[in-house]
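First to last, the sequence lines map onto chains H and W. Okay, so the first sequence: first residue is 22 according to this note's numbering, each after it adds one. Okay, so the second sequence: first residue is 428 according to this note's numbering, each after it adds one.
Derived by calculation from the structure, the hints in this document are not laboratory data. Among the hints, a few may not be true.
[Claimed, not checked] The calculated DSS-like cross-link candidates involving lysine-lysine, where the alpha carbons are at most 25 angstroms apart (straight line), are:
id, chain 1, residue 1, chain 2, residue 2
1, W, Lys702, H, Lys38
2, H, Lys253, H, Lys326
3, H, Lys158, H, Lys138
4, H, Lys45, W, Lys704
5, W, Lys444, H, Lys158
6, H, Lys142, H, Lys158
7, H, Lys216, H, Lys142
8, H, Lys216, H, Lys138
9, H, Lys45, W, Lys702
10, W, Lys704, H, Lys40
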Amino acid sequence: MQPEYAIRTVNLQRTYKTKERVLKALDGVDLAVRPGELFGFLGPNGAGKTTTIKILTTLLLPSGGTAEVWGFDVLHEADAVRRHINMVSGGESSGYGLLTVRENLWMFTQFHGMDSKVANKRIDELLEVMGLADRAKTRVSFLSTGLRQKMNYIRGLLTDPDVLFLDEPTLGLDVEAARTLRTYTRHWLDTNPGKTVVLTTHYMQEADELCDRVAIISGGTILACDTPTSLKYSLQQDVVFRLFTTPVAPAFLQAVEQIAGVQSISQRSGDQRDELSLILRDDAILPQVLSQLANHNAGLLSLEKRQPTLEDVFVNLVGHSLSESEATA
Amino acid sequence: MQRFWQAFRVGAWLGWKTESNWTNPLFYILWSLLLPMSNGLIMTMMLRVLQRTGNASGADLLPYVFIGTVVYSIVALLLDSMAWAVLEDRERMGMLKYIAITPSSMYGYLWGRGFAKVSINFLAVPLTLTFGALVLDIPIRLSTIDWPLLLVVSLLGLLIVTFAAQILAGVTLMIARHAGFVGQAVSGALYLFTGALFPITVLPNWMQVITRAVPLTYWLEGMRRALWVDAQNPVYNTGLNQLSTSNLLLILLGSAIAMAVISIPLQRRAEHRAKEKGLLDMNTAY
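One chain only, chain W, in its complex shape:
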């Protein structure tokens, strides 16, 4: 455990240095404000167009879509972070082999890199939500947020995504080419299969089955319930409004445990396989 935290600390430090070093604080704050604002505006426009062309129930789905998309931005970042660290250290920096021969923990290091990436970009989430509440009239109010639920759901969700990211890092370790697309491909696919953009009831039945099997679907639902007081209103026909919050928490807890149980041996297996195939110090110049 000591080796894990030691490596986590170094990974987080390196991640912070390399991810935040590209600009000065003023540009960083501006970037953190402009990015979510433009995202928010794009989403609003998209939804307004959709509401003119369909939506028989007449329900305003903007809060659903807005919260889902904002929270999902963290999923995409974290999911890709460890795989990207593997790729960058191995191919671009040529340093993965030197890290691999130290007595530190590779998992700890990768978790640290993921933590740094999320921390640096995390500011965008509350800023975008605030922007949504103030400018787009999204019904998020400090007084109505379920803070304990928000805390528990955030923690469980981040754990699930972190373990998933660890699996992707393992897959990246074993892939010689196209490794850079692993994280992006998975986060892209999950964007569809988590109900981030629209209620899962609009999907064909077979897609709904997949979506209901993805733990992140429940995370996004939990975040909506914590932030948006009206999230469980049947008028939105989200497909998950029948599920009680306690059951949703149980699903998230079970998913987090399952992901841990799956990802740790998978990562070990991937490391072993990479050593078997001589991929730890591979440089494809691709």
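Here chain H stands alone, though its shape is the one from the complex:
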């Protein structure tokens, strides 16, 4: 029977204690994900995305609060939770190198108690979908990182879980492989009503393209949670500019942040030029920003007014861009 919520957390907390310090990885996370949703976690490294996933997959105990997956408490009913979930993590080279792709996959179906005949049929189907059919008998040690990731993705789907956790699944994949994985994830949800996917990513476009709802998380706290469209709509009353300039100094950014009506400014440094994302309350503030640019001896190369993106929402909520967060993490 389908529960009301695929995932529900109330005031979820997680603290890591070391000899030197106490780190709050999650600080009161409240979530309610309904069956059938593709729910995304968007945030920089260390924001709390993976910690949340670890707790929900019963790998890590929470320090406080409650968490339920498919109606079962992760702390007291971990075995029941495990019957309904699976997980795929990206950016790692996991897998038993001495086993073939098929053997690796078959082994995990046995951990879930699947009938061998059914398991092999499903393995064939998914190998075909992910373009790995000709590698079924290849030892995993001979696979590239991308192909291993595809195999792991198949492992996640093999057991037909009610809740599938995808933790940065496209990390390290080439464009084509990432697209295949995204397309199939959406297809799997569309053809299996009620199945739920929780995706963590720091690719804005991935979250925008795939997710029904997105939670923006930073510092262990959820800053916003809504559909990508609604999140972007929240910036509709603001104006968003993209500027390409000659390299600017940090003092320029500080000066711009002081201007009344500047919601946020973020910088992405490139080769001989900087890209600035600027969110203003009003068009009329722009001349003041440009004047600061001149004051700091920087030149304007191009200027474009554009529709807000999830990146803008993130910058507006967190105060800096995702790439800036990762650079300082």
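Given the coordinates of chain H, work out where chain W should sit on it, guided by the hints.
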């Protein structure tokens, strides 16, 4: 129980695949023959040197040492097997977390891995004993082996070691670094404290107390009695020859039950602690 056997089967299958996949059958048979033969020769030479430098009683301790060392090779293998599986799956393969989130039994899986490791290497034990009997004149004869005793003692001993291995696997789960040395350190220490190499009477008194408290001491003694008809002869002054075989069996049975009672909650506690500290998917790259 069904989950346990299911996971045991998969663990044993994986263990067999990963442990035996490194070579072809011909090399495996050669390795199984050469390893015990070289071990046997080293032991013989060591003992002959010792007999020239000491041994006032003049008793030939070669059968004692030979059987003890050969049987202990299984202890070392099994003791380390589960801890090694934890380490390998977590750190090298990055798969422990994926196993941990399945509805299967972690104990069953680890027992399966241990079983595979022992099974693959088990052939070396009868081969070495045969080598000893034929080449080194160790008095092991098919007609004098106490088969029922051998069966019961082997079973109880393997159970004791398996539960001990489970405890070590639990300890490994909770350790971030140096986890690889846990099994080796314990099996190394037990080599001294089980009378595998020499009669426990040669140890200082305080060491004898420890040795008598280690169940594996009685296992090795039981294996010697089953294989070697003269094992209880007082001339060898083993320190255990006064103990009747029925009492020895009772000690082994009690030890097996005690180890089960201790190891299962300890493993559960270790798993809980590992989840508390976030160690199930740790990769120290150490």
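So, going through the hints one by one against the coordinates:
Using a Cα cut-off of 25 angstroms, the hinted pair lysine 702(W) and lysine 38(H) holds, with the two alpha carbons roughly 14 angstroms apart. The hinted pair formed by lysine 253(H) and lysine 326(H) meets the criterion: a straight-line CA distance of about 15 angstroms does not exceed 25 angstroms. Using a Cα cut-off of 25 angstroms, the hinted pair lysine 158(H) and lysine 138(H) holds, with the two alpha carbons roughly 17 angstroms apart. A threshold of 25 angstroms between alpha carbons decides the hint, and for lysine 45(H) with lysine 704(W) the separation of about 14 angstroms falls inside it, so the pair holds.
Among the hinted pairs, lysine 444(W) with lysine 158(H) is consistent with the structure: their alpha-carbon atoms are about 14 angstroms apart, no more than 25 angstroms. For the given pair, lysine 142(H) sits about 15 angstroms from lysine 158(H) by alpha-carbon distance, which is consistent with the 25 angstroms threshold. Restraint check for lysine 216(H) and lysine 142(H): satisfied, since their Cα atoms lie roughly 21 angstroms apart, inside the 25 angstroms limit. With a CA separation close to 23 angstroms, the supplied pair lysine 216(H) and lysine 138(H) stays within the 25 angstroms bound.
With a C-alpha separation of about 17 angstroms, the suggested pairing of lysine 45(H) with lysine 702(W) holds against the 25 angstroms cut-off. Between lysine 704(W) and lysine 40(H), the direct Cα distance comes to roughly 13 angstroms. Compliance with the 25 angstroms bound is thereby established for this hinted pair.
Taken one by one, the earlier hints all hold for this structure without exception.
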